[in-house]
Amino acid sequence: MIQRFLLTLKEIISQRFISLIVFFSIIVAVFCVGAFQIVGDSFNFYIHEKFATSIPPNFIKVTPKPAGGIGMIQLKKPEGSVLSDTYLAKIQKLGGVKEIHPYMSVQVPVQAIIDLSKLFPLLNIRYRTDLVCVGAPYTMIKNDIAGKANQKKWLDWAPGKPLPMLVPNVLLDAYNQSMADANGLPKIDKNLQKMMIGAHAQIFFGQSSFKTIPGFAVETGELVGFTDNVPSLALVIPLNAARYYNAKFRGKESDKEYIYCFIEVKDHDSVLTVSDKVKSWGFLVETEKSLSLEIQALRDNVNNVIGALQWVILGLSIIAIAFSTVIATLNRTDYYRILRILGASKAFITFTIVIKYALIGYLGSSLGMFLIGTSIDEIAKIMKFTGFELKLITDKAMVDRYIIAGTIIPVISTFPALMKLYFKGLNRD
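Count along the sequence shown from 1, add 53, and you get the number used in the numbering used here.
Take these hints with a grain of salt, some might be off.
[Unchecked claim] No more than 20 Å apart at the CA atoms, straight line, and that leaves these computed lysine to aspartate or glutamate pairs for EDC-like:
hint, residue 1, residue 2
1, Lys243, Glu275
2, Lys214, Asp168
3, Lys332, Glu152
4, Lys195, Glu317
5, Lys330, Asp168
6, Lys151, Asp320
7, Lys114, Glu152
8, Lys309, Glu152
9, Lys309, Asp168
10, Lys146, Glu132
11, Lys151, Glu339
12, Lys240, Asp168
13, Lys114, Glu132
14, Lys143, Asp322
15, Lys151, Asp329
16, Lys151, Glu132
17, Lys118, Glu339
18, Lys332, Glu306
19, Lys114, Glu310
20, Lys305, Asp138
21, Lys206, Glu275
22, Lys301, Asp209
23, Lys201, Asp320
24, Lys118, Asp329
25, Lys118, Glu132
26, Lys118, Asp138
27, Lys195, Glu275
28, Lys301, Asp138
29, Lys146, Asp320
No lab work stands behind these hints, which were simulated from the structure alone.
Using the sequences and the accompanying hints, generate a full structural model.
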């Protein structure tokens, strides 16, 4: 037993020069491949957590497609023609969806009496007009509401309370460009907009120039701001107000259907997957995919380059290790024959060779990972640019993988030489 141990030890320390070549080849391979792996993973982390999130992904706009019909006859509504609470719940369950912001039109006649005589005493402006109303979610228009008090009014609205209103800037532009001059009215600039905050109007829900619904409601509307977030020629009111009047005059189901919604997603990958999925349900989907595609392509290209460099280094290292082990093993053929004559079995000789290169591989890969660990801060400094910093990521599982691979590769590299020795070189004659 002692003799076998001594022979194994002698095999391990033999041919030091060749062993050092294998040893340093493993160190270089593990260090380079591991360093590229860490930098690649860190770059992906930066792309996902820093770069991609510093450029927020665009919202996805989902609109129901028009339902088909013949004249006044409404055919069965096809899939994708109704955006309801049911579909919003399905969308919310999709991976990558952060929040959904639905918009609802008031599907009853609406009319307003606007009195601006307090604002323009000399003009005595008071007129009646039919309106289109859209209920908007607070999350999308809160920054357009003037003051926290008005924001609270928007959130706390209930029937009987003053109805907070927003005027879309597109509607204001239409007034300034066509209606003001034609009717001898003043144009509304930024200063005048501020003066108009708090102006009141009577809003009639269930009544218009064309139709009056028995029991129509009259609300006192209060202007609380102007918005660019609803690009529509409509008066913007709280979403719960739109729900309330739809349910009151058209039934409960009408307070669960929306004219469109915006889907807020978590990252740029989700822009692509969520928009494709929602589109497959028949809805019209609008989003700007180009930025998300560019970020995805950047990440894929970097991964491909890093992966190619890893494979090149790994391939060259395997060739160097295999070449060294073959030379080292075949150069000792005569020594192995003497061992055979002295009674050593082929299995024992194979065992000593495998143990030698497994030990070299283990020590070399361990040292390579140790060097990565000690130089990781320097790698971070090298990869640090102005406004661009990588967080280098390592974990125990990755270290274990590289040490195991570094141990196995030299052993596998001895197989060609072992096969030749086993079948031809280790005969006792």
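Status of each hint after checking the structure:
no.	hint	verdict
1	Lys243 / Glu275	18 Å, holds
2	Lys214 / Asp168	19 Å, holds
3	Lys332 / Glu152	18 Å, holds
4	Lys195 / Glu317	16 Å, holds
5	Lys330 / Asp168	48 Å, violated
6	Lys151 / Asp320	9 Å, holds
7	Lys114 / Glu152	12 Å, holds
8	Lys309 / Glu152	17 Å, holds
9	Lys309 / Asp168	33 Å, violated
10	Lys146 / Glu132	19 Å, holds
11	Lys151 / Glu339	17 Å, holds
12	Lys240 / Asp168	16 Å, holds
13	Lys114 / Glu132	17 Å, holds
14	Lys143 / Asp322	19 Å, holds
15	Lys151 / Asp329	16 Å, holds
16	Lys151 / Glu132	24 Å, violated
17	Lys118 / Glu339	12 Å, holds
18	Lys332 / Glu306	24 Å, violated
19	Lys114 / Glu310	15 Å, holds
20	Lys305 / Asp138	12 Å, holds
21	Lys206 / Glu275	10 Å, holds
22	Lys301 / Asp209	19 Å, holds
23	Lys201 / Asp320	31 Å, violated
24	Lys118 / Asp329	16 Å, holds
25	Lys118 / Glu132	9 Å, holds
26	Lys118 / Asp138	16 Å, holds
27	Lys195 / Glu275	16 Å, holds
28	Lys301 / Asp138	18 Å, holds
29	Lys146 / Asp320	16 Å, holds
Hint compliance for this structure: hints 5, 9, 16, 18 and 23 are broken, all remaining hints hold.
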